[in-house]
Amino acid sequence: MKVKFYGSALKYTGGMVSVNMDPKCCPDLHALINELAKSFGEDFKQLILGGETWLVLVNAASVKATGGLNTKLKQGDIIEVLPIIGAG
Amino acid sequence: MLNEKFIRVLYIDLETEKIRIEQREDLLKYLGGVGVASKLLLENIKSDCKPMDAEQPIVFAIGAGTYVFPVLTKTVAMFVSPLTGELGESYAGARMGMTMLMAGYDALVITGKAKKHSYLSISTNNVTVKDARAIWGLNVSEVGQYIREKERHAGHADGKRSIVYIGPSGENGVSFACATVDTYRHFGRMGLGVCMGSKNLKAISIYGNRSIPILNHKKYIKLYQELYKKCTATEYMAKYHDAGTPENIMPLNKSGGLPTRNMRSGSFEEAGRICGESFAQKNLVRKMSCTGCPVGCIHIGMYRREFDKGHEYEAISVSYDYELIFALGTFLGVANTDAIISLIHEVEELGLDAMSTGVCLGWATEALEKGYITEAETLVKLRFGKAEEYRKAIEYLATGTNSFYQALGKGSRHASSIYGGEDFAMHVAGNEMAGYHTGYGSLIGAAVGARHSHLDNGGYSFDQSMEEFDEDKLVDMIFAEECERCMTNSLIMCLFARKIYDRQTILDALDSIGFELTNEELTEIGRRVYKTKLQIKKALGFQQKGVKLPKRFFETPSMNGMLDEAVAKSMIRKYAAKSDLLLAENSDES
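Chains as they are written, first to last, in this note's numbering: chain B, 1 to 88; chain X, 1 to 590.
Mixed in with the good hints there might be a few duds.
To be verified - Only part of the chain B face toward chain X is listed, based on derived beta-carbon distances under 10 Å:
no., residue
1, VAL17
2, VAL19
3, LEU55
Unchecked claim - In silico lysine-lysine, DSS-like type, Cα no more than 27 Å apart, as pairs:
no., chain 1, residue 1, chain 2, residue 2
4, X, LYS282, B, LYS4
5, X, LYS499, B, LYS11
6, B, LYS38, B, LYS11
7, X, LYS29, X, LYS569
8, X, LYS229, B, LYS45
9, X, LYS545, X, LYS569
Just so you know, these hints were derived from the structure itself, not from any lab.
Where a beta carbon is used, it is the ideal one built from N, C-alpha and C, also for glycine.
With the hints as constraints, model all of the structure from the sequences given.
Structure, rendered in structure tokens:
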């Protein structure tokens, strides 16, 4: 499965726009974030878990509607991490 | 007024050239900013006259904390909107707030019509109506250059002066003409530019050089440093500095909330070419801040334009953000960053609101496609994605070239009422839509919001955060946030910073500069200000229950799926009932 990063998320990935992950070690979103935190650090993990400033999509659907961090993942899934919409 | 127990109001009558200053204790209960401006507008509107009548007022006000704390940078303008026919409200940053404070005025009330084309020169001890006949008809950048040269103050840096000015659109009666502030900021929405033009007022220059002591310096500096750190060293504001609001393009596109091609769709297949990262890589040349802000969210983009044959080129630079990219990009199907910057440059020079311009042209493109109008009227073959045709149309719009463009210059609601195609004229109560088709929050928020803006109550934000749609709860949240923003816009803070300025921070900040308020009093101020706005809207004949939304909102799936017109109507009715209750409250006279 593939994880894609957009916008200011790239600050936490060192500019890496996507990464391939093995679904065996990431059965759900929470496990995936823990796995990514090994490469990108605790700041990345805390930001996603904070949940207020990031939008996470699995196969183009917001995880808000599929169980949040408990959303199940499988081979071939595309996970996207985007900043939430803000205006002022 | 900082360190004083009154609000200092400068009244200017352009017709008689008489001025007066009032120091009003009674306005303190409105705190400042939009609170004070709303009260002054209510006192001075002529509800039986048209928006552009000479007697209608234009009000400017700064907030209770303007320039004193980080990110409290904006000035509010209030007027009767020629676009919607009711309450007009718009905000701009740059240097204006700082110069009003330094000149010694919390608010300006401008009435009457100058006998000839004029501009205003305002300083601490002097107000002069000056001859502007030489610059009438000039584009925005030319006017800025002229006023900057004329309004020099010996021995003082130009940074203590701010200039508000209009382009040809404001002179030619375009209902959504904007007013530019210090080159890169704007009172963009609802037609302040045409209100100034109708008063023969091309520009306002404000210069201030007072020195104002901070009385509780120890407390103030401690709080200032904490706020500064929050603004610059935390995640709160990072994205606004980084790629800026154009970051919105990708999440909106991915989730289906990005209005595209006159909102036939909620996603744009070319979004990746015009997203925040693309603008940053191809066009971004620098970032700027409003005076008093450490964030640097103003993104300046540049492109090279061939203006004549024979290898004649010039560099064009404009400020860009999400709303402009939506209105002149996705909404028109334009998928090239240079082309979008060239369209932004065109609306800038002519003094148009970019959002209304893009949305009106989106309607015109579809109306031409469907045969409601012909090329004899549009003069160019408007097609989604064709920027050069849009560039010409923008010029026709600003100059009112023919009766079609004159009608379009009064907004998409007006034009579609004449030519047809009302179902796909994407306005909300007369104000062209913002770039969020996120769900009931954004749609109902704009329908009932005081100025029909996404920023009245941040409905789009609830569409993202609400776990499960609950009609009553959402209505309550929108109403509460509208009141809250009436309070925060009385400070006036940049809305990017709303998470930095929580209630306790606001109370501490106000306390350090002499405002002793309680949390309950802040709530009361918000409700008082909103009630005043509702009184203005009522006086001008507006009814929330009467808002009719174009069918397209219910035909194109939003970020949260397809919206139901019956649910939308029900929410508007429920919200209107809450507004009526607030209006009927007599515990605190506005």
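Taking the hints in turn, this is what the structure says about them:
no. : hint                : result
1   : VAL17               : holds (9 Å)
2   : VAL19               : violated (17 Å)
3   : LEU55               : holds (5 Å)
4   : X/LYS282 / B/LYS4   : holds (21 Å)
5   : X/LYS499 / B/LYS11  : holds (21 Å)
6   : B/LYS38 / B/LYS11   : holds (16 Å)
7   : X/LYS29 / X/LYS569  : violated (35 Å)
8   : X/LYS229 / B/LYS45  : holds (22 Å)
9   : X/LYS545 / X/LYS569 : holds (8 Å)
Consistency note: the structure conflicts with the earlier hints numbered 2 and 7.
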